[in-house]
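2 protein chains.
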Amino acid sequence: MRTYKLLPDGRRQINSFHLPGDIFGLENGATHRFTAEAIAETKVRIMRRQNLLDAMANRGGAKKFLDLITRSLKHAESHMLLLGRNTAVEKVAAFVCEMDERLEHPNVITLLMTRRDIADYLGLTLETVSRTFAILRDKKMLQVDGPTNKQIVLLDRRGLAELAA
Amino acid sequence: MRTYKLLPDGRRQINSFHLPGDIFGLENGATHRFTAEAIAETKVRIMRRQNLLDAMANRGGAKKFLDLITRSLKHAESHMLLLGRNTAVEKVAAFVCEMDERLEHPNVITLLMTRRDIADYLGLTLETVSRTFAILRDKKMLQVDGPTNKQIVLLDRRGLAELAA
DNA sequence: CGCTGTTTTGATTTAATTCAAGCATAGTGG
DNA sequence: CCACTATGCTTGAATTAAATCAAAACAGCG
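Quick mapping for you: the protein sequence lines, in order, are chains A and B.
Read in order, the letters of the first sequence correspond to residues 1042 to 1206 in the numbering used here.
Read in order, the letters of the second sequence correspond to residues 1042 to 1206 in the numbering used here.
Everything hinted at is true.
For identical chains, the list gives no copy identity; a pair is met inside one copy or between any two copies.
Under the rule of at most 20 Å between Cα atoms (straight-line distance), these lysine to aspartate or glutamate pairs were calculated in the EDC-like manner:
| id | residue 1 | residue 2 |
| --- | --- | --- |
| 1 | LYS1105 | GLU1068 |
| 2 | LYS1046 | GLU1203 |
| 3 | LYS1046 | GLU1131 |
| 4 | LYS1115 | GLU1078 |
Hint data in this document are derived by calculation from the structure and do not stem from the laboratory.
Work the whole structure out from these sequences, hints included.
Below, the structure is given as structure tokens:
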């Protein structure tokens, strides 16, 4: 799934992509803070706020809950650094490294999102994302494969991680 | 105070500025996620993690705590949108509007941070921040005053808010 | 098959950065 | 009280990274 915010004129910032097992969408106030969309066949389990507060009432629940939100905050904080201070190459390298880690280092990363989604996640245009994949491909750091170029094979995880900085 | 993250080569992203009364720095794991620095005479009250977990155990505490972290997350999420998708003018307008709101619409906003701090908060260079203040000044949307140009007077709150989008 | 949406690639433009002065302010010490 | 220095802000000129504009190729689909 993708969660994102929109500007009135249609510019979009994707906060994060959610993989199976992820928890997201913690809200408190009366209004939703962002939109969530499935980009593949998805099963979602909903949790009521009341149950959340109940779960927090016992020590084990509080700890788990603290872990969850710390993870969200941590991701947001490092993503701010990326959006504000990284170059296009660094952003794309960071993106593939993030996916690689979250999928636990598969041989092939199958991207379910489009180039535009990736661009809107990284604060770039889809053309720049495409060109940057080409740059990393030409540097032999990754392969771009499959009929729709959505299969990514990491050839140089160390080099990519260095770029991601 | 300012809280920020650094890249190895010195590039800096300021997560947020903290005003009197703000709570910040919620951490969970063994390592700190960012650096905090005072940019003015500051008194800081520390809270132990244990006390936090205790406070969460009762319903009132849990609610307050949920409010706190929701506020942090919300700020981070909207800041991601700003960093990834706003222009320089929109960023600076959003910055002065944020300060105006948080200081509860004073006649004069006295900035305690430098132009570089603002730049590192908005994902710009200090020169661009300076130029952008000049643009908004020339548009009669704000005044830049004081011996060191750190006093900002908002002349057109509505217009600035529209720019901030 | 034609239609639609996606990706790539090329040419051009532009917003913001970088490089470079020049000033103003505040602090320091003689 | 006055150089002297350090720091921060502004402004101008040149550069550049990424955006925009444009076109072609391709896959998937009804």
